[in-house]
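These are the residues of each chain, in order.
Number of protein chains: 2
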Amino acid sequence: MIFSTLTINNNEPIYIQIQRHIEESVARGDLKKNSKLPSTREASKILNISRNSVISAYEELEIKGIIATKRGVGTFVLIERQPSYESYHIDFSSMINSYGQTLRTKDIIKGELPFKKGMISFKSIAPEPSLFNLDDFKRSLLDAWTYEEANLLNYGYAKGYAPLIDYFMEYMKEKSVDTTNKDLLITNGFTEAFDIILSALTKSGDYILCEKPTHNTALKIMEAYGINIVQVDMDKDGLNPEALEEALKKYRPKFGYLIPSYNNPTGIVTKTQRRKEIYDLFRAYSVPIIEDGFNEELLYSSSPTLPIASLCGTGNGVIYIGSLSKILFPGLRIGWILGDKDLIDILESVKRSRTIHSSFLDQSAFYYYLKSGAFNRYVKTVRKYYRDKYNLVMKMVDKYLPYEYVTGEGGLHIFIKLKYNLNARELLNLCFNDGVIFMEGSIFYADNAPSDTFRIGFGRVSDDDIETGIKIIGKNIKKLLKEKR
Amino acid sequence: MIFSTLTINNNEPIYIQIQRHIEESVARGDLKKNSKLPSTREASKILNISRNSVISAYEELEIKGIIATKRGVGTFVLIERQPSYESYHIDFSSMINSYGQTLRTKDIIKGELPFKKGMISFKSIAPEPSLFNLDDFKRSLLDAWTYEEANLLNYGYAKGYAPLIDYFMEYMKEKSVDTTNKDLLITNGFTEAFDIILSALTKSGDYILCEKPTHNTALKIMEAYGINIVQVDMDKDGLNPEALEEALKKYRPKFGYLIPSYNNPTGIVTKTQRRKEIYDLFRAYSVPIIEDGFNEELLYSSSPTLPIASLCGTGNGVIYIGSLSKILFPGLRIGWILGDKDLIDILESVKRSRTIHSSFLDQSAFYYYLKSGAFNRYVKTVRKYYRDKYNLVMKMVDKYLPYEYVTGEGGLHIFIKLKYNLNARELLNLCFNDGVIFMEGSIFYADNAPSDTFRIGFGRVSDDDIETGIKIIGKNIKKLLKEKR
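Which chain is which? The protein sequence lines are A and B, in order.
Everything in the first sequence is counted per my numbering, starting at 617 for the first residue and increasing by one.
Everything in the second sequence is counted per my numbering, starting at 617 for the first residue and increasing by one.
So here's chain A without its partners, still in its complex pose (with noise of 0.2 angstroms):
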């Protein structure tokens, strides 16, 4: 019988459930050409249900031309199943191109040692969830629907929502850059805008500068599009400006790519006075910056350090890539690009090629979150909770981790770099089977090559776990230590 197969569940309207049986069982054949159903009345008691339900099912079938009932003889199934065709086989991984290839095998997520339930994790570098005042958010959230409706519903525009456009752009003024002949692109976060960029202006074969180390995807980026990445020694302020300047000269790159507050992973914050060496040696030879402003937001420094696109002007040599979402809410992806008008212009024809536009939804609720003034009381209360965190972090790591040098000045990670050579990676092999992770240093350096050094993401970790994972952390290189002895 038809419907002995079938329970309903109460997730769903019944009509649905209905129907959706009926088309299954003629798709696979169950139900024949000109098989009579029950009729509406029969099948609610069958199955429990009211009629209505059932007549609003066959209705559907018979707009979809399933079935079709015939007043006082009953209702009858119109169509044959498909038969079934001889299926094609296509060998997809032998057409798989290299920037498919790199991406795959670069994808550190389908990589790494898995998560297990009880686990002490310094993996994540993204803000606590706990914090997010989901309150204020709602309320954007109810804000941006009430004054927009279906305009959040219909086609946007690829270069963003205008109102939130015009507030990046007086956010940048703040922090003193000139925006005169510059124009804003939002993007799907930092991602998206580095992605946009690097499509547009580079190809396979060409030269870009930035740290050593630096952003694990930024790097999966540039090596999926062949570009060949130069990585620039930093010390405790920064860039090292010697080293610069040698490789400007030697490599003569395209772009130079610059995390300046909070690097990511040595979490180091170059200061003003090194932003302008920087920056004058970008000039000198005429290599555009693309500014990461990662974490810009949290830092804690007693006079505010402003980012390097404020030194250049009214001139365009500095790309500004933005995203508060990385300290606010990581899942909202919306970043932006603030550049020379021109390249902006281009970059939004990409942009609508890519994705059309990012969500109108996400977008409105974020602009009336940021208008509301929820995100300065925001800001306000997590860099306080962060503080703390990292200086417990710094306490314990002082107390129990044996190693040659420890970078980052707040934000939510600090890194480390382990004595005589010890292998991060063998270290995180330990500290698995003891339930601790953390991200091993290799993935920040374009070679890939072993490394002494690893990143230790606090954001999320509470503060007996901070103790306990620095702990176990810390028996695990003693151990290495005494191997290596």
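These are computed hints drawn from the structure, not numbers from a lab.
It is possible that part of the hints are untrue.
All copies of an identical chain are treated as equivalent in the list; a pair is satisfied when it fits inside any one copy or across any two copies.
Here are the computed lysine-lysine pairs in the PhoX-like style, where the Cα-Cα straight-line distance is at most 20 angstroms [unchecked claim]:
(1) K722 / K775
(2) K957 / K987
(3) K680 / K791
(4) K789 / K987
(5) K726 / K1095
(6) K1094 / K791
(7) K649 / K791
(8) K648 / K789
(9) K1095 / K1015
(10) K866 / K819
(11) K680 / K866
(12) K957 / K726
(13) K1100 / K686
(14) K1087 / K1015
(15) K726 / K775
(16) K892 / K754
(17) K819 / K1095
Computed from a predicted structure; not experimentally measured.
Fit chain B to the given chain A structure using the hints.
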């Protein structure tokens, strides 16, 4: 006086306005280091606002290290204006690669005749926003928020929102698609889906077969990647089998890209028998098909036409791109790719490297909307609405337009071929002066040659405007015909 240029508005918390004003004054150099600020009491009087707002603003500025209060003495500016640095200028236009250049040139939004208020526009094939069931959507949005809350603001998965993936999987099964060894990736609509597939599987110089004419966005993306586009002639039933076989034999293409349900722009619906012939040919030459399910949901025909993907059984030869948002909420950029499991694994990594993931707020709200049955109700309403509009358009075209032939079996657009090779561009220019615009045909052909075809999109045009607009087009066709003779 520092506050003389500040006007308080009601759109933003007052303390933020004060704070920004002071920061900008410092940045501009209007407020020098060691300048004394008015006391909070004075400032509140000058600005006629509550003293608390001033206190909050000063507190924020103290945290940022911009000002400091010495008890009993006053509040002073701590920092110096950023000295203006030498700017530098990069000629980005010379750096744009052919990918960026092509996308800019082919960005039709930037090249087309500008819409002016009061015009009758047949350009859009987007749905009519007044049909959106906004209350249903708002409810779904709130459902999503209630069930997911902070999850929506945290990093999601590149592959998509799990319940929505499951939903679309079921949806494909209902269309008789065998999902064995297949998987599904959520994308930012059709555009990102197509873009990701090409980016990972093709290289410059590859051949792709498609219908002639075909979707201009697909053409644009293919051109930008340096694909050789082979457009195969259609007859009134879809892709012509003889022409298809010839092209398959000659070019051994990497893919076929097909829009079997409502080809854009012709509106031709490929029926089941022709779908099978086309499928057999691609199978015989072992060429995979990218099937664009565009507007499948609007099909009026009495017997439901199953996607080509349903013919392939457990084989992986067909990659299906779906998107409900085209007829529903085009602003919610949600689509999907259903295809070979291992291929989807690669495409997921590509997606992650480009946008991390699509908006989870959008995906979750959309899921609750679909699940509630609202979508089914909506489709029922709009099918009737658009069918009526379609019938009116056809009537008016027969009444007013001299044409060679018209194609389109419903959906949201029809396609017209002019007599005597009249130039549709010239026709458009005449109609533009009379306040009527449409999509001239050349953009749907890879060679962009002048065309005697044009597309009429009617989803958003009122019945009166349909009559008036088509009358005007008819008048101008007759004018051109007269000149021609």
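Can you list which hints this structure breaks, lowest number first? Failing hints, ascending: 2, 5, 6, 11, 13, 16 and 17.
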